[in-house]
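Participant: Chains C and G, in that order, are what the protein sequence lines are. With the working numbering applied, the first sequence closes on residue 905, and no number is skipped along the way. With the working numbering applied, the second sequence closes on residue 1049, and no number is skipped along the way.
Each hint should be verified, as a subset may be incorrect.
Unchecked claim - Subject to a maximum C-alpha distance of 25 Å in a straight line, what follows is the list of computed PhoX-like cross-link-like pairs (lysine-lysine):
| hint | chain 1 | residue 1 | chain 2 | residue 2 |
| --- | --- | --- | --- | --- |
| 1 | C | Lys762 | G | Lys1026 |
| 2 | C | Lys803 | G | Lys973 |
| 3 | C | Lys762 | G | Lys974 |
| 4 | C | Lys765 | G | Lys983 |
| 5 | G | Lys912 | G | Lys887 |
| 6 | C | Lys749 | G | Lys852 |
| 7 | C | Lys788 | G | Lys852 |
| 8 | G | Lys880 | C | Lys811 |
| 9 | C | Lys811 | G | Lys1000 |
I should point out that these hints are in silico values taken from the structure, not numbers from a laboratory.
Spelled out, the chains give:
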Amino acid sequence: MDVDIEDILAELNTDSTAVDYSGNNNPLSDIANTNVSTLYNSSYPDDKNIPTNKNPPGVRSNTKISAEQDYSSLMTLWRNERCSPELLPYPHHLMSRMLMRIQDQLERLEIISMDFMGQNSNTIDNSNKPINNNNMLPLLCMEAELERIKFIIRSYIRCRLSKIDKFSLYLRQIEQDSNLKSLDDLLSKDEMIYYQRHSEMILKLFNDTTLKHLPPELQAINDTTGTISMIDEPDWNKFVFIKVIGPNDKMLNSDPLLKKDSNNKFFYEVIIPELEEDVELFIDSIYVMRYNVIKNLLLDGKVILI
Amino acid sequence: MYCELANKLVVEAKRTEQLNSRNNARTTLPVHNDELVRNVLKEVTQLKKNLEFFKEQQDIMSTEGISVDSNVMKCQYFVNLLCLERNKRCLLGYQKLRSDMLDSMAWENNGMDVMGSNLGEENSNLTHQEQEYLKKYSELITEMKSGELTDIDLSGSLIPPKEVFIDVRVLKDAGEIQTEYGVFNLIKDSQFFVRQSDVERLIQQGFLQKI
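Please construct the entire structure, taking both the sequences and the accompanying hints into account.
Facilitator: Laid out in structure tokens, this is it:
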């Protein structure tokens, strides 16, 4: 008779790993982890002021926060932002944590390299033997890693800024429409400033060069009553490549949207409105889909763009 | 015909766009076509006068109670209005393309070391409104960099970093330039093996070549 004891074993495992985690871990990530938790606790009350309707993928208050996890969710956000036609909500919590971590790491790097300099001068004082014992490798790795993370954030922000430029009139429409979600949710503080000042500037340029020569009824820059609407909306029907990854925590049975087919595979069902056609999105497979069809799944973090 | 000049303006805008997409080095802005724009604006004022005239006519007719072919009048009015709209579209499109190019210029060589010099060579090609815009936009970018994102150099390279150390060759500029991470004596045609993050700015400025 077969007795399935997987769950009992899993229980035992959770106990032992808890001990393991605290004991063995390389010192660097350990420092990072402790720092992160304190950082997170300290920064959380500030962040609570920002209203968030939906948590972006990876930023969940109940999940444990680690540097590694944050990094992977940042990668996902970056990829989504670059591929999606619309501006996605700004991850306030994640970014503030990430920026703090970068600052921390920069300081630590400086201190470590100072130590190196000190040691070097000491050894030179003693004798001129070559210094092999203090290895530069960790320092180099840390620097390279920092450069990479900075690159990702830079690229992410630049991508968002270009989208803000493109959709500035549309964003203004959102701002004026009170029943849509607020811009604070969508943009960070800096991006807000950028958006306001840049649209002001552009408006001034257009006013000075052309608009003031036109009759007053044609002077609006956001005219929708003319033959062509002047407000650039995101192309909601753009085709994007998606990968279905399923719910974040892999608890397949807890997700109400998931369904099971005859082969015991899980899938989401979405409907393409124009064709009135149902599509089954199986987990772990890749599709080309219209953006508006999968928008809600994307915001819930159940699919990612590639 | 109506709007022919504006069409020319758009064609010119298209050509500059193609030129810039082909040689992907640096965006160069051609001279602002002042004369053409002025002619289009002249046409616009003419159309504007027409519109006013039609309005007056309609008013007179309605007060006098004459209902002579009001449909024809409406049609005339409408054609004029559409022409005005089309001119507006063309003018704004031309201006928008130029301002977009100014934006990319501002991002490309912003705040590296010499901020003031981006108003140097292209000076003659810009109208003074555009110069003002460019100056303001550069200010905005520098402000963005000093905000929350201090540690992230927003105008830095958008090419992902590959190696920590790279080989660079000095192109044409001599003299000691970089002083941030220690002094490099940049002698012409000499090569260095340096950290990438140190020289990124110099590569963007065109002092160094070859990664």
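Participant: Going back to the hint list, which numbers does this structure go against?
Facilitator: Failing hints, ascending: 1, 6, 7, 9.
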